[in-house]
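Enquirer: Single-letter residue listing:
2 protein chains.
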Amino acid sequence: MSSAEAISGIKKQEDTNNALEQVQQLVETYPRVPITVDCVIFGFDNNELKVLLIRSDLEMFDGKWTLLGDFAHDDEELDDAAYRVLRERTGMRDVYLEQVKTFSKPHRHPGGRVITVAYCSLLNTEHHALNILDNELHWHTVKTACNMAFDHKEILDVCYKWLQKRMLEHPLGLNLLPEKFSLRELQNLYEAILDIKLDRRNFRKKFFSMDFLIDTGEYEDDVHHRPGRLYRFDFDKYSQNKKKWTGIEF
Amino acid sequence: MSSAEAISGIKKQEDTNNALEQVQQLVETYPRVPITVDCVIFGFDNNELKVLLIRSDLEMFDGKWTLLGDFAHDDEELDDAAYRVLRERTGMRDVYLEQVKTFSKPHRHPGGRVITVAYCSLLNTEHHALNILDNELHWHTVKTACNMAFDHKEILDVCYKWLQKRMLEHPLGLNLLPEKFSLRELQNLYEAILDIKLDRRNFRKKFFSMDFLIDTGEYEDDVHHRPGRLYRFDFDKYSQNKKKWTGIEF
DNA sequence: CCAAAAGTGTTGCGGTTACACCCATGA
DNA sequence: TCATGGGTGTAACCGCAACACTTTTGG
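Quick mapping for you: the protein sequence lines, in order, are chains C and U.
Numbered as in UniProt numbering, the first sequence ends at 250 without a single skipped number.
Numbered as in UniProt numbering, the second sequence ends at 250 without a single skipped number.
One should not assume that every hint holds.
Any copy, or any two copies together, can satisfy a pair, since identical chains are not distinguished.
What the hints assert, rightly or not - Here are the simulated DSSO-like pairs of lysine-lysine, each with C-alpha atoms no more than 27 angstroms apart in a straight line: (1) K153 <-> K243; (2) K64 <-> K197; (3) K180 <-> K153; (4) K165 <-> K101; (5) K105 <-> K237; (6) K180 <-> K101; (7) K153 <-> K205.
It should be emphasised that the hints constitute simulated quantities derived from the structure, not laboratory data.
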C-alpha cells in the first residue's frame with residue numbers, strides 16, 4: 001500500500017466514522033414509541049375455535065381479558081419477541097407463528113401511546129394443556145369472546161378474518177390438530193373456522209387428491225362408533241409442491 | 001344522590017385516577033423505539049412496473065436509493081403517517097395504500113434501532129408526473145432496482161410479492177392505470193406484474209364476465225393502429241359484489 | 001396495400017358439486 | 001340389533017385453456 005493510499009484509507013475511515021455519527025445523532029432525534037407484540041393464539045377443542053386469553057393485570061381493566069403480549073426487548077426482532085411470549089406464557093416451542101398487522105391508533109392504550117404488532121399462532125390444545133403455568137390463562141370460544149381490554153377485540157377480529165382467508169391457501173390449520181387425525185376431525189376444523197358446511201365425500205376427494213395426507217395405518221380408538229383412519233400431513237412434500245398461481249378472481 | 005353514594009362516587013373517581021396513573025407509569029417504563037413508515041410506491045409506465053425512489057440524504061448511503069419514508073409523529077396513526085409521506089413527497093391525495101409488513105431486524109438501520117412499517121401504494125404515473133417536487137425522486141424499474149440503502153431492497157421484494165398475490169384477488173392494480181383504459185393496457189399490466197403471458201381472448205372473457213368494466217364508448221386516439229375501446233372500472237359495483245369464498249387450494 | 005393490433009366463438013378437459021348406499025364398530 | 005359415523009362412485013355442470021380468422025385503422 002502506498003502512503004497516498006494509506007492516507008486515503010485513513011481519510012475514508014474518518015469519513016465513515018463521521019457519517020456513522022451523523023446517522024446515529026439523527027436517529028437520536030427521532031420520536032420514540034413503546035412497541036409491544038400481541039399473540040393471538042388459536043386452539044381447536046370440542047369442535048370450536050378457541051383463543052387463549054389472560055386476565056388483565058391492570059387495575060383499570062379489572063376483569064377484562066387480553067391477548068398475550070409483551071414489550072419488545074432492546075435489540076430483539078419482533079418475530080423473536082412473539083416467540084418469546086409464546087414460550088414464556090405457554091411453555092411451547094416450535095409453534096406456528098406469523099405476523100399479521102400493526103395497530104397504532106394513538107389512544108389504543110390508556111397509558112399513552114403504544115404501538116403493537118399482532119401475531120397469529122396456532123397450536124394443538126392437547127399438547128398445550130400440560131404446559132399452562134398461569135391459571136389466569138383461559139381458552140375462550142372465538143365467536144363469543146368479548147369483554148376485552150385495549151383494542152384487543154379488534155385485533156382478534158382481524159386475526160380471525162386473516163385465519164379464515166389463510167386457511168384456504170395454506171395448510172396452517174393443521175397445526176391446530178394432533179399429529180395424527182381423522183378426516184372427520186379435519187373437516188370439522190374447516191367447517192368450524194370457516195363457518196360453513198362441506199360435503200363429506202367431496203372434502204375427502206379434495207384432500208386425497210392434493211396427496212399430502214399420509215395414512216398411518218392406525219385408527220381412532222376413543223370413539224363410540226366405527227373408528228376412522230388416522231393420517232399425518234406431509235409438510236415436507238407440501239413445501240416442495242405449493243401451488244403458485246390460482247388465476248385472477250375477484 | 002345519597003351522601004354514601006356521593007362518597008362512593010368520589011372513591012371510584014379516585015380509584016380511576018389511581019389506576020390511570022398506574023398504567024401511565026407502567027408505560028413510562030417501557031423501552032421505546034423510533035418508528036418509521038416506508039412507502040413502496042408503484043407506478044406503471046412503458047409496460048413496466050416502476051417504483052418511486054429517492055436518493056438517500058445520508059452521507060454514508062451516498063448514491064444509494066431509498067423508499068419514501070418518515071418518522072411517525074406523536075399521536076399519528078401509522079396509516080396517516082403513510083398518507084402524509086405520500087402527500088408531502090408526491091403531492092398526491094386519495095392514493096391507494098395498504099399496510100404490508102413491519103420490519104424490525106435490530107441492525108437494519110445503521111444509526112441504531114429503528115422499526116419500520118412498510119406500506120404499499122399504487123398510483124397512476126401520468127397524473128403523478130405533474131406533482132413531483134423533488135428532483136432526486138426517480139421512477140425505477142422494479143425488476144432491476146438495486147443499490148438500495150438499509151433493508152429497502154428486502155422491503156421492496158416483499159411488497160412486490162405481496163402485490164403479485166394481491167392482484168389475483170383484488171382489483172387494486174387498476175389504480176396503476178388511467179381512469180379510462182383499453183383492455184390491452186389492462187392485460188399488459190397483469191402480464192408485466194405477474195410476469196406471465198395471458199391469452200388475449202380468455203383475458204377479455206374473464207374481465208367481461210366479472211362485469212365490472214364500464215364501456216365509455218370512447219376509443220384510444222394516440223395509437224398507430226386500430227384503436228381499442230376505453231373502459232372504466234366500476235369500483236362501487238365491485239365493493240358490493242366481492243367474492244367471499246374460493247375454495248381450499250394449496 | 002401493408003402492418004399492427006382489435007375484436008370475436010367453439011371445443012375439450014378437468015375440477016366441483018350434488019347426491020345415496022353399504023360397512024364397521026360399540027353399546 | 002341399533003345407532004353412529006366411516007367409507008365409497010357417478011353424473012351433470014361450469015369454468016378454464018387452447019386455438020385462428022376477420023376487421024379496423026394509420027402509414
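Enquirer: When Cα atoms must be at most 27 angstroms apart, do K153 and K205 count as within-copy, between-copy, both, or neither?
Expert: Result: close neither inside a copy nor across copies, 37 angstroms intra and 42 angstroms inter.
Enquirer: For K180 and K153, with the copy left unspecified, which applies at a CA distance of at most 27 angstroms: within, between, both, or neither?
Expert: neither (32 angstroms within a copy, 41 angstroms between copies)
Enquirer: First find the shortest C-alpha distance between K165 and K101 inside one copy, then the shortest across copies, and answer within, between, both or neither for a cut-off of 27 angstroms.
Expert: both (14 angstroms within a copy, 17 angstroms between copies)
Enquirer: Between the shortest in-copy and the shortest cross-copy C-alpha distance, which are at most 27 angstroms for K105 and K237: within, between, both, or neither?
Expert: For K105 and K237, the Cα distance exceeds 27 angstroms both inside one copy (42 angstroms) and across copies (30 angstroms).
Enquirer: Cα distance capped at 27 angstroms. Does K153 pair with K243 within a copy, between copies, both, or neither?
Expert: between (33 angstroms within a copy, 25 angstroms between copies)
Enquirer: I want to check one pair: K180 and K101. Are their C-alpha atoms no more than 27 angstroms apart within a copy, between two copies, both, or neither?
Expert: Result: close neither inside a copy nor across copies, 32 angstroms intra and 34 angstroms inter.
Enquirer: At most 27 angstroms between alpha carbons: which applies to K64 and K197, within, between, both or neither?
Expert: neither (33 angstroms within a copy, 54 angstroms between copies)
Comparing the model with each numbered hint stated earlier shows that hints 2, 3, 5, 6 and 7 do not hold.
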